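Undergrad: Go by the hints and put chain B onto chain A.
As you go down the protein sequences, you meet chains A and B in turn.
If you read the first sequence in this note's numbering, its first letter stands for residue 1, the second for the next number, and so on.
If you read the second sequence in this note's numbering, its first letter stands for residue 1001, the second for the next number, and so on.
Everything labelled a hint here was simulated from the structure, so no lab data went into it.
Be careful, since some hints might not be right.
SDA-like, lysine to any residue: derived pairs with alpha carbons at most 25 Å apart [unchecked claim]:
#1 A:LYS162 to B:GLY1174
#2 A:LYS57 to B:ILE1230
#3 A:LYS171 to B:GLY1461
#4 A:LYS159 to B:LYS1003
#5 A:LYS118 to B:ALA1347
#6 B:LYS1327 to A:GLU173
#7 B:LYS1179 to A:GLY30
#8 B:LYS1532 to A:VAL175
#9 B:LYS1534 to A:ASP166
#10 B:LYS1003 to A:ALA20
#11 B:LYS1257 to A:GLU58
#12 A:LYS154 to B:SER1337
#13 A:LYS118 to B:SER1337
#14 A:LYS57 to B:PHE1253
#15 A:LYS162 to B:GLU1530
#16 A:LYS118 to B:VAL1342
#17 B:LYS1003 to A:GLY136
#18 A:LYS2 to B:GLY1329
#19 B:LYS1529 to A:GLY136
#20 B:LYS1464 to A:GLU161
#21 A:LYS171 to B:LYS1527
#22 B:LYS1503 to B:SER1337
#23 B:LYS1534 to A:ASN137
#24 A:LYS57 to B:SER1337
#25 B:LYS1482 to B:GLY1461
Note that the structure is a prediction, hence the values are computed from the model and not measured.
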Amino acid sequence: MKIDIILCGVGGMGALSTAAIISQAALDMGLYMKQAETHGMAQRGGDVQSHLRLSDKEIASDLIPDGQCDIILSVEPMEALRYLPYLNKEEGWVITNENPFINIPNYPEKEEVLAEVKKVKNSIVFNADKIALDLGNPKGTNMVVLGAASKYLKIDIEKLEKAINDTFGRKGEEVVMANINALRAGREVADKI
Amino acid sequence: MEKLLLLGDEAIAQAAIDAGLSGIFGYPGTPSTEIIEYIQASKEAKGKNIRSSWASNEKTAMEAALGMSYTGKRAMFTCKHVGMNVAADPFMNSAITGVNGGLVYISADDPSMHSSQDEQDSRYYALWAKIPILEPSNQQEAYDMIHEAFELSEKFRLPVMLRITTRLAHSRAGVVIRKDKREQNQIAIPENPKQFILLPVNARRQYKELLAKQDGLELESKNSSFNKYIDGENKSLGVIACGLAYNYLMENFTQTKCPYPILKIAQYPIPTEMVNKMYQECDSILVLEEGQPLFEEKLKGFLNNGKKIMGRLDGTLTVDGELNPAKVGKALGLEVSEGFEVPSIVAPRPPKLCEGCPHADTYKALNEVMADFSKGRVFADIGCYTLGALPPYNAINTTVDMGASITMAKGASEAGFQPAVAVIGDSTFTHSGMTGLLDCVVDNTPVTIIILDNSITAMTGSQKSNATGRIESICEGIGVAKEHIRVITPLKKFHQENVNVLKEEIAYQGVSVVIPRRECLVWLNKKRKEEKQKQKQQE
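Only chain A is shown next, with the shape it has when bound in the complex:
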């Protein structure tokens, strides 16, 4: 078993905490894992990404090789497109929130961006922001997207829930449940497809 994931978004949108949760779950399952991430200057409103690799065998490279990524998991649609050179053209999935995060003057038209995402053979593009908002957890978009991706992650959703508990436990029961609910709501979206 191996699974290579790119998590992406804009600094502060929670891409890196999603990576931390998947990693925690993977470690719990006794899998090998490597997770490379962006720190420093790029985090100031720039694009952020994390290469997350899981396997039952030892992993060599910290970076995912071009064309071998199984899932691009994004909280922002244009950011999902930025990492297409890594995606496995035939079997790779793009799972992304559909709402643009516009902090640059030359952001392309939303429709064009979504059309590009849909050109990929396997994609789930949905309004994760709205689901999070409806749950009263507007910061939970990243967990909703993770929930949708969980169907393809080869990691039991219970393991992810446990990882959320481990990661957010010190912030209190309320925060844990809000994130678990967001995760479950995202999973429902994927299950309906």
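TA: Leaving out everything else, chain B in the frame of chain A:
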């Protein structure tokens, strides 16, 4: 067996704690910062009384580490690659003095310049100083190597460099932690009272000793478990893979075995015997290095009249930038997989100043003032405020190295280019700006120095700034006239007031300092969150 999920940086820090470290010294710099942060946050380190607060700059940090080593204790120094330039003086001379307690220097290089202004390779420094280098290829090796580095340092009585790069520093993996933790050394000053007195007469003797240690160091490299010769059937090519490059090589052989002999190098000086074996057996050699082509250049020689040596110098790999699996695969002539191209509509999303950042208000005021003069007069420095170079601000004209704002403005002013303005952050000011300010005061050069005080080292992720609460008294102590040290609050509502202050000080024909003071919002939010959490825990 305890397995922790650790960044490469964190693995290094945990290893140092386990290896009997007494103190760590450094200045924040991506990608090295998390090493010291880990120790600062570690309860275990606190329990062991390991000192870990930030130094003012890399030079002071390295000297303090050397001082701790002098007492017989184990010490560590960390920096990003360009920090080695700041610490170069103690670095080179500490190879001559040698050490007493184990001393390990960590340099975190940043090929591809993810957060840096150049991609210099710190291995050159260590080779130049003739000290050993360890270059881990993964997090576990990083952990194990720290133990080895301290042993090696105490055995040869030399500082040892551990060189990492961004992808190891900022990549997480499971790391097996040793159960047997080493106790800290007791205080015991050097047996030879002249060891640390580098008078020429002593230095000449010490240097000879350093030279005499080289054969022993090479033997260590040859016998090191981190260096490996892995035989292959196809001798048309031999592959030398240094540090992280070994991973990218192996990534190309997950399904099959590499047909070529491989020499994995993770400990230097380069073991000649192992290289020679490969050279004799193989028709040509491919050198894979994450960084600059240091090894390749040596192997090729000035005349390049031996066997074919491939790598970054002959175009087999790019000369600049970090490696990756595809680059290495192509260099081996393998067919590599490809994904889709990035659609042309994707726009770059460069980093920028945060919403509500105090620097933004300062730049707005400064731009208004500078509009009265011809362009190119604002000399800036290294920090978040460097982003003022980008639209919509376009407020600064130079960024070179830590502290260069003040001294470059001075040089420009002395060329007759007045007014000249320097923009420098609080932490950068105490890092390398104070001596430049003294030069300005001594020459009474007309410059206006804007010290942006957000009370934190922001760019690297909110580390404590040694300048906090001290800027005015430092400036006054250095000799800036009290009435020309002006503090302003960079907020929209004070815009006009701030413009006026800047105008007055820029008009002044001498050294003036303006201090826009408002806390970094990222840090403020972080602080508030932590306080809230503490409160919750107390409830």
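Undergrad: Are the hints correct? Go through all of them and say.
TA: A quick look at each hint next to the structure:
1. A:LYS162 to B:GLY1174: Holds. LYS162 (chain A) to GLY1174 (chain B) sits at ~18 Å (cutoff 25 Å).
2. A:LYS57 to B:ILE1230: Status holds; Cα separation ~20 Å.
3. A:LYS171 to B:GLY1461: 21 Å, holds
4. A:LYS159 to B:LYS1003: Answer holds: LYS159 (chain A) to LYS1003 (chain B) is near 18 Å, not above 25 Å.
5. A:LYS118 to B:ALA1347: At roughly 18 Å apart (the allowed maximum being 25 Å), ALA1347 (chain B) and LYS118 (chain A) satisfy the hint.
6. B:LYS1327 to A:GLU173: 47 Å, violated
7. B:LYS1179 to A:GLY30: The given pair, whose Cα atoms are some 20 Å apart, holds under the 25 Å limit.
8. B:LYS1532 to A:VAL175: 14 Å, holds
9. B:LYS1534 to A:ASP166: The given pair, whose Cα atoms are some 18 Å apart, holds under the 25 Å limit.
10. B:LYS1003 to A:ALA20: Answer holds: LYS1003 (chain B) to ALA20 (chain A) is near 16 Å, not above 25 Å.
11. B:LYS1257 to A:GLU58: With a Cα-Cα distance of about 15 Å, the restraint between LYS1257 (chain B) and GLU58 (chain A) holds, given a limit of 25 Å.
12. A:LYS154 to B:SER1337: 23 Å, holds
13. A:LYS118 to B:SER1337: 22 Å, holds
14. A:LYS57 to B:PHE1253: 13 Å, holds
15. A:LYS162 to B:GLU1530: 23 Å, holds
16. A:LYS118 to B:VAL1342: 14 Å, holds
17. B:LYS1003 to A:GLY136: Between LYS1003 (chain B) and GLY136 (chain A) the Cα gap is close to 37 Å, so the pair fails against 25 Å, i.e. violated.
18. A:LYS2 to B:GLY1329: Between LYS2 (chain A) and GLY1329 (chain B) the Cα gap is close to 20 Å, so the pair holds against 25 Å.
19. B:LYS1529 to A:GLY136: With a Cα-Cα distance of about 20 Å, the restraint between LYS1529 (chain B) and GLY136 (chain A) holds, given a limit of 25 Å.
20. B:LYS1464 to A:GLU161: 35 Å, violated
21. A:LYS171 to B:LYS1527: Holds - the C-alpha atoms of LYS1527 (chain B) and LYS171 (chain A) are around 15 Å apart, at most 25 Å.
22. B:LYS1503 to B:SER1337: 59 Å, violated
23. B:LYS1534 to A:ASN137: OK: LYS1534 (chain B) and ASN137 (chain A) at ~23 Å, within 25 Å.
24. A:LYS57 to B:SER1337: 21 Å, holds
25. B:LYS1482 to B:GLY1461: It is violated: about 33 Å lies between the C-alpha atoms, which goes past 25 Å.
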